[in-house]
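Colleague: Sequence:
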Amino acid sequence: MAQKNREDEINTILKQVADNTGITNYELNAETNVETGDGFVSEFYTGSVKNKNNNEMIHVAIKKAPTVIPAYGASLFKNENIFYRSIFPSLDKFQEEFCLKVFDNIPVYYGGSLEPEKLYICMENLKLKNYEMHDKMEYLNQAHLEYVFRTYGRFHALSFVFKSQNPESYEDGTKNIIDTFEEIVEGISGATKYGLTVMSNYFESQADKKLYEKTKTLTENITDYYRKALKYEGRHSCFTHGDCWSNNFLFKYSNTGEIEDIKLVDFQLCRDSTPIHDLSYFFYSGASKPDFDNLDYYLELYHKAFVECAKEFDCNGEELYPIKVLKEEWKTYSLLGILMAIMLWQIKLTDKKKCQEFTESENKEENWKSIMSKMLESDAYKKRVENIIRHAINNDII
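Letter by letter, the sequence shown follows residues 1040 to 1437 in the working numbering.
No lab work stands behind these hints: they were computed from the structure. Quantities reported herein were computed from a predicted structural model and do not represent experimental measurements. Check each hint, because a few of them may be wrong.
As the list claims (entries may be wrong) - In the BS3-like style, the derived pairs of lysine-lysine whose C-alpha atoms are separated by at most 30 Å in a straight line are:
hint: 1; residue 1: K1302; residue 2: K1408
hint: 2; residue 1: K1408; residue 2: K1391
hint: 3; residue 1: K1140; residue 2: K1408
hint: 4; residue 1: K1302; residue 2: K1350
hint: 5; residue 1: K1366; residue 2: K1350
hint: 6; residue 1: K1157; residue 2: K1267
hint: 7; residue 1: K1267; residue 2: K1421
hint: 8; residue 1: K1175; residue 2: K1291
hint: 9; residue 1: K1363; residue 2: K1328
hint: 10; residue 1: K1392; residue 2: K1175
hint: 11; residue 1: K1328; residue 2: K1291
hint: 12; residue 1: K1270; residue 2: K1166
hint: 13; residue 1: K1168; residue 2: K1366
hint: 14; residue 1: K1408; residue 2: K1267
hint: 15; residue 1: K1422; residue 2: K1350
hint: 16; residue 1: K1214; residue 2: K1302
hint: 17; residue 1: K1291; residue 2: K1370
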């Protein structure tokens, strides 16, 4: 995109921010340097709107669809806009009716577009408020894991309580959501299969028959396994975050390095499903083996936060979502987290520049193999995925 055209597009978005916030006397500042994300379907820009009447500034981050976007890209942007425009405002209004603010871990939404050639999401610029991503190549430590599990406990509990008291409104909220997981399942199956093939060969070379056979079966039937994992058939569903890898959490730290706050971003895969999809996706794509071994601790921590949040609405959290159901259904539905982690550690262990090369390439499949080949043969990848697969086998997930 030519520099001038890009600036015009960003300024158009900033003007919309001014209109949406009631600012009539403004000054726009568009930053036209593009930053490509690790997710391959977005470009990121920043900008600001100055209220010339009082000199107040609104700093925004803009997530925009690139010129060439996959077929499913429009659905991703539609889903996220629906979450910010409709779903979360309904949840937020509901908690305000109780004079509560149990969950406010969402960035301020300033607008978006669903026009095919102008897809974008505009939010507050959290980086200027000292929020930052965790290093994607590193494991999340216990403090980060605990913070996210508690945050998800509140988010899911708010959704469960809202659903129990406003079933028709909840149903209305789900009607326009597209199951974007279904639209991307072929793509993520292929990427996961590539990693599993490497691991299958590795286990065969190590004469580890059990891991080899399990991995080989996964590899040969990967799309079926994904479809099985994605389809929740239980009775305990809620609005889920969807895309739960570490890049979609922004943390704010104190001067001593302690976590003060967190914001959840990227709701492109948001849908009505089991909380286990969020929890397992996050856990297996970010935690290390010692934390895998401590799974019950994290599930109970999550459930405690869930119950405490529900209680603030005078609801029984254990009745809404029994801990027994959470642990029993984990064996079936955490498979999604296992599979996504096998795929995601490929991206997490690949530097951003290489990910951008993939985004800009024409032959995606061949370029993916070229970029990932060295990383897949690394000890770092093999060790992470071996730990994930061993854990899945030992816990009857696969």
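Colleague: Each of the hints needs a verdict: does it hold here or not?
Modeller: Taking the hints in turn, this is what the structure says about them:
no.: 1; hint: K1302 with K1408; verdict: violated, 33 Å
no.: 2; hint: K1408 with K1391; verdict: holds, 16 Å
no.: 3; hint: K1140 with K1408; verdict: violated, 46 Å
no.: 4; hint: K1302 with K1350; verdict: holds, 23 Å
no.: 5; hint: K1366 with K1350; verdict: holds, 21 Å
no.: 6; hint: K1157 with K1267; verdict: violated, 34 Å
no.: 7; hint: K1267 with K1421; verdict: holds, 25 Å
no.: 8; hint: K1175 with K1291; verdict: holds, 16 Å
no.: 9; hint: K1363 with K1328; verdict: holds, 24 Å
no.: 10; hint: K1392 with K1175; verdict: holds, 14 Å
no.: 11; hint: K1328 with K1291; verdict: holds, 26 Å
no.: 12; hint: K1270 with K1166; verdict: violated, 36 Å
no.: 13; hint: K1168 with K1366; verdict: violated, 37 Å
no.: 14; hint: K1408 with K1267; verdict: holds, 26 Å
no.: 15; hint: K1422 with K1350; verdict: violated, 41 Å
no.: 16; hint: K1214 with K1302; verdict: holds, 26 Å
no.: 17; hint: K1291 with K1370; verdict: violated, 33 Å
Taken one by one, the earlier hints fail for this structure at numbers 1, 3, 6, 12, 13, 15 and 17, listed in ascending order.
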